[in-house]
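Enquirer: Keeping their order, the protein sequence lines are chains A and B. Numbered per my numbering, the first sequence finishes at 185, counting up by one with no gaps. Numbered per my numbering, the second sequence finishes at 198, counting up by one with no gaps.
Hints are supplied without guarantee of correctness; some may be wrong.
Claimed, not checked - Simulated pairs of lysine to any residue, SDA-like, Cα-Cα distance not exceeding 20 Å:
1. A:K167 - B:F6
2. A:K25 - B:L33
3. B:K28 - A:K167
4. A:K55 - B:S67
5. A:K26 - B:Y17
6. B:K28 - A:K126
7. B:K11 - A:K14
8. A:K126 - A:G71
9. A:K14 - B:S36
10. A:K160 - A:G67
11. A:K146 - B:E4
12. A:K167 - A:M121
13. A:K40 - A:S29
14. A:K40 - B:E20
15. A:K26 - A:G67
16. A:K126 - A:N168
17. A:K17 - B:Q23
18. A:K146 - A:L163
19. A:K17 - B:K11
20. A:K17 - B:E4
21. A:K40 - A:K26
Since the hints were made in silico from the structure, they are not lab data.
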Amino acid sequence: MIDEFRELIDGCIKSEKRAQDALYKKFSSLLFGICLRYAKNRMEAQDVLQEVFVKIYNNIHTYHHDGSFEGWLRRIAVNTSITHYRKNLKHAYQEDIDDLVRHKNDPIAHQDLEYTAEEMMNCIEKLPHGYKTVFSLYVIEGFMHKEIGDMLGIDVNTSKSQLSRAKNYLQRELATLSQIKMQVR
Amino acid sequence: MSEERFFEQVKGTMSGYAPEVPQGVYGKMRRALWWSNFTKLSATRFNMWYLLLLLGAGGGAYAVSNSADNNHDQIIAAPVMNNADGNGQMVNAVSISDNTTEQKPDCLQTTEKCSAKCKTGSKASCAPISTGPEHAIETGTTETTVASEKTDATETEIPTTLVLTAESEEAVIAKAAEPTPKKKGKKLTVTQYKDKEN
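Can you make the complete structure from the sequences, with help from the hints?
Expert: Right under this line is the structure:
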């Protein structure tokens, strides 16, 4: 797998346009998916994605073939997204508070999950920005609450509570989606 | 459903999520990459810093050449004491002031301090006897002449700098040194009337 990318990586180190284009073609969709999970909207995700690729091309010489190349790319995408998130941190927390008041006592639906990635993503996108970020970092990227706290500049307990609320919110959204799907059938 | 199971299912569904990227992103990315390379300090490729250096050097060279040209092109019309025949006759001549010379001719008869100031471009101390472009008119209107190099009196060709004999030099210095009193009261005008023939 590493050998498969070695030529691509060497080409990118030499700033060859052909290699850069091939890298973009191969990984842009995957990285765009990551950016979407942390951005407020699609436009912001596009801006983050282009920044991610600029960082990749400029720093590809620092990749030493000692780990997964895809993992290295994902890490750059996550870090860049988090940097963007921290820039808009104030606004994100305002959304969280509003949402907390609105859904404080709503019942949580528990249903089996049979959703496509697209449907799941649509539900995740509806989460408040802060919830979505903590949820993605914990559930999909696999970071611990301490790491999330350090990355986002928040307390560990805040991370835990936001994850809990995100889970409830998402389950509710998915339950609503299930109901809609049942009605269609 | 337990929390762990829910999270596992979400992760399983989302891990392969790769939506289609809009077309415009690639172009924007290429532009961002170009700009990033252009603004990055790198000795190996052409970038903003090279351009700034080139512009700075070009601008500096232009300014220097322009100022040098200006100095050489300043033509001063002033009466000059021509010593070719040694009688100190005043002739109207055109002299060229050269401010770029190391030794300013107009400062030779003044102190060292003055000459040092002239080198730095300060002409305040040399004002009464200066041949600089702004002082040339002044000396010309007072019908005195301007100081110059201490050249031989037998020199025939008109030099680029102005020529002055030792006697006239003293006269100039003395005249320049004495303050001109301000005239008070009304200025009298003399009108000449011609008698009519008829």
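Enquirer: Quick check: which numbered hints come out false for this structure?
Expert: 3, 4, 6, 7, 8, 10, 19, 20 and 21
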